[in-house]
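Enquirer: Here's the letter readout for the chains.
2 protein chains.
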Amino acid sequence: MSDETYYGQASLGPYELLELGDWTLGSGQVIHDCKLAVSTHGILNDNRDNVVLVPTWYSGSSRHVADTYIGEGRALDPKRYFIVVANQIGGGLSTSPNNYPDRTEFPSTSISDDVRAQERALSDHFGIEKLAMIFGASMGGQQGFEWAVRYLMKVERLAVLAATPLATPYTKFLLKGMADTLTTQDSSVDAAVRRHAMWWTTFGWSPDFLRDEDYNALGLEGIDQFVEEFMVPYFAAMDPRVLLAMANKAIAADVCSFTGKPVDITLGGVTANTLVMSISEDRIFPPSEVAAHGKLIPSCTTRELKSRHGHLAIFGADPDFLLSLDAALDSLLSQDV
Amino acid sequence: MSDETYYGQASLGPYELLELGDWTLGSGQVIHDCKLAVSTHGILNDNRDNVVLVPTWYSGSSRHVADTYIGEGRALDPKRYFIVVANQIGGGLSTSPNNYPDRTEFPSTSISDDVRAQERALSDHFGIEKLAMIFGASMGGQQGFEWAVRYLMKVERLAVLAATPLATPYTKFLLKGMADTLTTQDSSVDAAVRRHAMWWTTFGWSPDFLRDEDYNALGLEGIDQFVEEFMVPYFAAMDPRVLLAMANKAIAADVCSFTGKPVDITLGGVTANTLVMSISEDRIFPPSEVAAHGKLIPSCTTRELKSRHGHLAIFGADPDFLLSLDAALDSLLSQDV
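As they're listed, the protein sequences go chains A and B. If you count by the numbering used here, then the first sequence holds residues 191 to 527, one letter each, in order. If you count by the numbering used here, then the second sequence holds residues 191 to 527, one letter each, in order.
No lab work stands behind these hints: they were computed from the structure. Worth double-checking, as some hints may not be accurate.
Any copy will do: because identical chains look the same in the list, a pair fits if it lies in one copy or spans two.
Subject to a maximum C-alpha distance of 25 Å in a straight line, what follows is the list of computed DSS-like cross-link-like pairs (lysine-lysine) [what the hints assert, rightly or not]:
{"hint": "1", "residue 1": "K269", "residue 2": "K362"}
{"hint": "2", "residue 1": "K451", "residue 2": "K344"}
{"hint": "3", "residue 1": "K485", "residue 2": "K451"}
{"hint": "4", "residue 1": "K320", "residue 2": "K269"}
{"hint": "5", "residue 1": "K344", "residue 2": "K320"}
{"hint": "6", "residue 1": "K451", "residue 2": "K362"}
{"hint": "7", "residue 1": "K496", "residue 2": "K485"}
{"hint": "8", "residue 1": "K344", "residue 2": "K362"}
{"hint": "9", "residue 1": "K496", "residue 2": "K344"}
{"hint": "10", "residue 1": "K366", "residue 2": "K320"}
{"hint": "11", "residue 1": "K344", "residue 2": "K269"}
{"hint": "12", "residue 1": "K362", "residue 2": "K485"}
{"hint": "13", "residue 1": "K496", "residue 2": "K269"}
{"hint": "14", "residue 1": "K366", "residue 2": "K344"}
{"hint": "15", "residue 1": "K344", "residue 2": "K485"}
{"hint": "16", "residue 1": "K269", "residue 2": "K451"}
{"hint": "17", "residue 1": "K366", "residue 2": "K269"}
{"hint": "18", "residue 1": "K496", "residue 2": "K320"}
{"hint": "19", "residue 1": "K485", "residue 2": "K269"}
{"hint": "20", "residue 1": "K496", "residue 2": "K451"}
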């Protein structure tokens with residue numbers, strides 16, 4: 191592992207490489223001569239009971255974690271704790287696609303592979319059998335949850351920031367879109383229509399709607415059926431050129447083009463009695479964004495309407511939402527102008 | 191325009207086509223023999239002052255709008271109002287890429303092109319010079335805002351649902367990702383790295399952070415510099431294979447794989463003293479999702495930490511956020527186990 195790469199000691203060190211030998215993954219595949227890169231901070235006490243483990247997040251490293259979270263007077267204080275920051279297998283510093291001898295064959299790994307490797311390395315190299323705390327953010331939190339489930343008796347405290355113990359439908363689809371940015375995509379129209387439908391599945395509705403399978407009220411059973419029998423066919427009937435024509439309009443939308451003035455001046459000149467409504471779980475036009483613009487209009491009332499349907503509450507499948515919308519419109523229509 | 195397509199009368203009618211002749215767009219390009227497809231509901235009164243205009247949303251049609259929002263006893267009551275639902279130019283029913291004679295040359299259009307066409311068509315075909323209300327959802331709302339800015343004296347009331355008067359940085363980047371699903375993408379590594387950096391710009395931070403240019407506190411000036419000098423270089427230094435290895439782990443994360451039991455049973459068995467924290471504006475692991483899982487763990491405290499930095503508050507550039515995080519970790523570490 192060269193020190194000259196982004197992942198080397200010069201850039202992201204210091205770290206040490208704990209040997210795991212040939213490491214068998216949960217899938218049954220083997221990573222040969224597997225090494226776990228860790229940085230340690232502070233001193234392991236005689237009882238070995240002052241250990242804080244911090245696994246890394248997506249794109250992160252032990253260096254990022256240490257710089258941000260560890261320091262004297264901080265919660266993660268190396269004067270009090272022996273803090274081990276464990277870099278992910280596959281994350282660039284530990285054994286990973288960039289430093290594996292046979293670069294074409296680095297196997298897929300899972301959160302549990304990291305957690306098992308950390309447990310083994312802490313035990314073998316430091317004699318650690320108990321963690322005073324695990325703290326993990328984002329993917330580090332996913333590893334923290336796995337520790338607390340898998341090694342019940344070894345985890346005294348678990349602190350998780352900005353993570354869930356499993357990828358929910360929303361987060362799974364969202365992250366799939368992120369991974370897709372890095373890969374060459376099928377250029378067929380069918381594939382494009384499917385990607386587009388998955389985008390709308392992810393962002394059109396709300397995380398709660400997807401997680402709690404609210405779509406079953408539409409007569410569907412399970413996420414696969416929702417995607418295959420509702421979202422894909424809905425958009426597949428349309429012409430992609432038409433969808434693109436509309437999308438590009440929405441992206442370029444700007445009322446200031448007409449006035450040539452800043453948005454506060456432009457909206458400050460609106461004379462219509464105005465009602466600006468947002469939807470509580472809207473991922474596309476978030477309530478904070480809608481309200482921030484509504485308040486720039488002199489005669490404007492802003493309201494946040496509740497719906498677990500997110501942006502696609504506009505489709506009208508949430509009857510309570512439609513009732514609250516109609517009441518708001520009635521109120522505006524009855525205002526004298 | 192054939193009636194047999196998805197956009198035809200059989201599927202999305204009835205609608206009528208209002209002739210605009212050769213219609214000059216704001217860009218200077220011309221749509222030849224431009225037609226605006228509208229459906230009307232109710233009767234225009236003698237004073238022509240009972241008009242409600244409803245422009246359509248992305249992928250929507252006058253049929254969708256009428257089915258969802260118009261009806262006797264509803265706010266949009268055809269017994270009281272003359273309701274005109276105007277389909278977008280380019281939206282499939284009005285003159286659009288799918289029905290334009292020279293299909294390769296349908297020009298780009300803008301929100302203001304729709305609004306100008308609607309104003310002209312309402313005046314020429316119905317003698318309408320004043321709107322009792324415009325109601326628009328999503329892209330329909332973008333058109334509503336444009337009406338209220340452009341034709342001040344013609345708009346008595348404006349009701350907008352789930353839209354902003356300009357595409358904010360967050361919504362612009364989000365919708366760009368949506369449009370990208372429909373197009374063939376550059377398969378070079380450089381392009382992939384850039385797409386990936388744009389994804390993180392969109393979802394890593396919060397809409398408020400992007401809109402109010404909070405990143406300028408990091409020493410940057412404007413969104414272009416933020417993207418080019420911070421987000422792209424940050425990820426460009428990394429190995430895409432490493433990023434993909436991590437992304438695929440995050441997507442597959444599932445603590446239930448180990449227990450083989452449902453998530454409530456799996457988390458119900460956790461014995462660690464647990465603290466589960468979310469970040470207020472997190473788009474990747476939303477607070478509602480984090481809290482929903484935290485409450486399944488017996489000895490768990492859940493907290494929502496405030497930060498305008500969204501998910502990437504984990505980077506530590508928000509000092510107040512770090513203070514609240516350290517306080518929460520101190521509190522957990524001081525708990526007896």
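Enquirer: Report the numbers of all earlier hints that the structure fails to satisfy, in ascending order.
Expert: 1, 8, 9, 10, 13, 14, 16, 17, 18, 19, 20
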